[in-house]
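A.B. asks: The residues making up each chain are set out below.
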Amino acid sequence: MNLRQMKVNQTGKIVSVKASDELGRRLRDMGLIPGKEIKIQGRAPLYDPVSIRIMGFTLTLRNNEADFIEVEV
Amino acid sequence: MSTAIALAGNPNSGKTTLFNALTGARQHVGNYPGVTVEKKQGTCISESGEFSVVDLPGTYSLSAYSLEEVVARDYLVNEKPAMIVNIIDASNLERNLYLSVQFMEMGVPITIALNMMDVAQKRGMQIDIKKLSSLLNIPIIPTVARSGKGKKQLLQTIADNVNHTIKPLTISYGQDIDSALDQMESIIREKQFLTSKYRPRWTALKFLENDQQIIELGTMENQATVLLLEAIVKKVTSHLNATLDIHPEGMIADQRYGFINSILKQNVIQFHQDRNRLQLSDQIDKVVTNRFIGPIIMIAILLGLYNFTFTYSEIPVGWFESFFEYIAGVADSALPEGLLKSLIISGMIDGVGGVLGFVPLIMFMFMGIAFLEDTGYLARMSFMLDRIFRMFGLHGSSVMAFIVSGGIAGGCAVPGVMATRTLKSPKERLATLLTVPFMNCGAKLPVYALLVAAFFADNKANVMLLITLISWVGALLVAKLLRSTVIKGESTPFVMELPPYRMPTLKGLLIHTWERTFQYIKKAGTVILGISIVLWAMMTFPNLNADQIKTFEDRKSTIASSQDLVQIQTLTESQLSPQKLAMKDQLTKIDMEQAQAALKNSIAGRIGTSLEGLTKFAGFDWRTNIALVGGFAAKEVVVSTLGTAYSLGEVDVEETSSLSQRLATAKGWGPITAFSLIIFTIFYAPCFVTVVCIAKETGSWKWAAFSVIFNTVLAFSLSVIFYQVGSAILT
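Keeping their order, the protein sequence lines are chains X and B. Under the working numbering, the final residue of the first sequence carries the number 73; numbering is consecutive throughout. Under the working numbering, the final residue of the second sequence carries the number 731; numbering is consecutive throughout.
Hints listed in this document are in silico derivations from the structure and should not be mistaken for laboratory results. Hints should not be assumed to be uniformly reliable.
Derived pair list, reagent style DSBU-like, types lysine-lysine, alpha-carbon separation capped at 35 Å [as the list claims (entries may be wrong)]:
id, chain 1, residue 1, chain 2, residue 2
1, X, Lys36, B, Lys149
2, B, Lys427, X, Lys13
3, B, Lys149, B, Lys424
4, B, Lys696, B, Lys507
5, X, Lys13, B, Lys265
6, B, Lys265, X, Lys7
7, B, Lys696, X, Lys13
8, X, Lys36, B, Lys131
9, B, Lys234, B, Lys191
10, X, Lys18, X, Lys7
11, X, Lys39, B, Lys265
12, X, Lys39, B, Lys191
13, X, Lys13, B, Lys235
14, X, Lys18, B, Lys696
15, X, Lys36, B, Lys286
16, B, Lys130, X, Lys39
17, X, Lys18, B, Lys130
Treat the numbers as computed from the prediction; the structure is a model and nothing was measured.
Build the full structure now, drawing on both the sequences and the hints.
C.D. replies: Right under this line is the structure:
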């Protein structure tokens with residue numbers, strides 16, 4: 001499933017990141033690469049953006065950015 | 001001779017804190033040439049020698065996507081500092097090392113300052129520094145920048161390692177990429193392609209990463225070689241795509257993280273707690289970003305920031321005002337009547353006062369925002385509001401600038417425009433800083449108060465609320481318009497770290513505030529003073545000619561003899577006879593008429609008069625026009641100039657009842673005209689201080705000119721539509 005569909009507190013492992021160009025680069029710079037474990041930390045009051053836990057820190061991204069990330073739960 | 005060192009690292013790694021600890025007060029802030037990214041420099045004198053320190057912008061990577069990254073990379077390549085001090089947040093080691101690996105690939109000399117060791121320990125992390133250092137082959141010094149711990153040892157290590165030769169790091173990125181790199185490297189060596197600045201293998205790597213900056217540089221130097229290299233890149237890209245469904249860029253990033261992992265796995269780091277365990281910071285977030293309580297807390301904090309900036313700064317603003325009033329008073333009694341006096345008081349003292357009058361506001365605003373930024377709350381605010389602001393092509397962080405500018409009526413666009421510095425997305429930032437001047441700043445309020453009192457006295461509160469709504473809706477819609485036309489383009493990725501909550505250091509806050517305030521005084525101050533003198537001249541010249549002045553003098557002398565005049569001027573009102581008092585009133589009236597005639601005759605007056613043919617479609621006569629021209633100096637000047645134009649003398653902005661009564665009965669005025677003027681005031685050109693700040697913040701006078709012209713055209717169109725439709729409905 002992709003990251004947008006995950007529920008708060010759900011954990012999973014990144015399978016692939018399909019984004020390219022600037023977004024792809026930013027995601028990778030922040031460590032969103034295949035094999036990393038993530039956990040959904042929370043969502044903004046309007047359900048978007050989403051905040052996730054990865055490598056011990058908290059990262060937020062918009063739902064349309066989360067769409068590019070496939071996760072195995 | 002001092003040794004040049006550069007501090008580099010991720011945002012929130014404590015880089016600036018270390019910079020402050022090293023340089024103390026011996027630092028200054030400027031900009032990198034041609035861009036608006038801040039450049040902080042300072043000197044550090046220690047037992048280990050003298051160092052000149054540059055604080056590079058915080059980045060997560062050395063790709064060339066953001067301005068910060070380009071600036072940091074160019075600095076390292078062009079200035080070749082003797083040592084790069086890479087500050088790493090020990091509690092967040094894995095991601096921070098991603099940047100270190102890229103420095104090592106570049107082959108630049110680095111020393112790692114492993115910062116926030118205390119935090120890492122508290123989180124149950126144990127780091128084997130010796131082992132990490134030997135595996136990376138880089139000196140690593142543990143530090144706690146907040147307390148200055150490790151500073152001495154760091155400086156000594158830098159001094160010891162400055163002249164060591166560096167062996168660039170070579171990572172294996174997988175067979176396909178490695179062999180492509182080998183091929184490209186030999187071509188680059190052979191053609192001496194960009195070799196004066198970059199290592200051949202690094203250049204090859206950047207081509208594989210599709211780095212636009214390096215490709216452009218290369219195209220300028222040798223296009224044939226670029227084509228040769230790109231052919232190899234294309235081949236390996238399609239091969240990787242077909243076999244592994246991955247781009248070279250992705251592969252390279254994966255392998256970098258893989259390299260970091262392989263090092264950390266060798267017992268370099270041990271967790272005595274679950275690393276994803278909820279820390280105190282996460283517990284706070286559960287409340288602060290909660291769906292229901294979060295927004296309430298946010299409103300409270302925004303109100304707090306607003307009050308802090310505008311209420312507490314009133315006291316120092318008052319000091320400045322009384323100081324300048326005092327100086328003006330001294331000049332008034334010391335100088336003879338005439339042009340020089342007018343220039344010094346109305347042109348220069350008011351001008352300098354105008355520049356410095358904003359200083360307390362700017363100081364308090366920067367202090368408040370730096371506090372919110374350093375604690376980490378600002379990032380949460382963007383997180384919560386992004387969904388709304390994104391609809392208009394803006395960013396969650398835009399909210400601060402809007403609030404400070406007068407989103408809560410009574411702000412000021414000058415600190416508001418400066419507040420956009422917290423926005424890291426260039427397009428969103430530009431759209432924000434061009435639209436914040438639509439907010440209801442404190443200087444527009446007297447204009448609204450005047451018009452509302454004259455024409456909407458029964459609905460005061462409702463009309464004021466309506467004005468606030470119009471400015472918000474207008475600003476957001478214009479932002480949307482700009483983002484779909486002149487500042488078109490995909491939104492910058494939001495991907496943002498939510499740093500753990502931290503208590504900022506007072507020293508850091510004070511340095512931050514002082515530097516930015518000083519920058520305003522230095523950079524904007526001179527321009528503002530110049531323009532205020534020009535505006536003074538526009539409202540003053542040309543003077544009435546001798547004949548016209550004589551007409552007024554003659555009228556005065558028919559009322560009072562020269563003996564009467566002396567008495568009237570020297571005695572106080574209580575000492576004058578009723579007859580003389582009446583005489584005085586008549587004289588004042590003539591003075592006011594003369595002021596009106598002089599204003600109408602001035603350049604500003606002539607502009608106003610000549611535009612009457614056009615502005616009548618919005619319901620404005622020449623008087624309103626002059627007032628609006630004056631409003632370019634500062635919006636509250638609209639009120640005092642209207643006073644002069646209606647022969648009421650200079651009207652005090654705090655006390656406008658005489659003017660509002662006059663307007664209520666004046667020819668050509670009615671609720672429609674008044675509201676048309678309100679609409680115009682919301683949207684037309686920002687005051688020139690704001691315009692200067694827009695130029696300084698965007699680094700271009702083009703955007704400053706744009707905001708003057710675009711806003712005025714927009715304001716005029718809206719006013720005309722409103723006035724024409726409104727008049728048609730009413731008649």
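A.B. asks: Any of the earlier hints contradicted here, and which numbers?
C.D. replies: Violated: hints 7, 12, 14 and 17.
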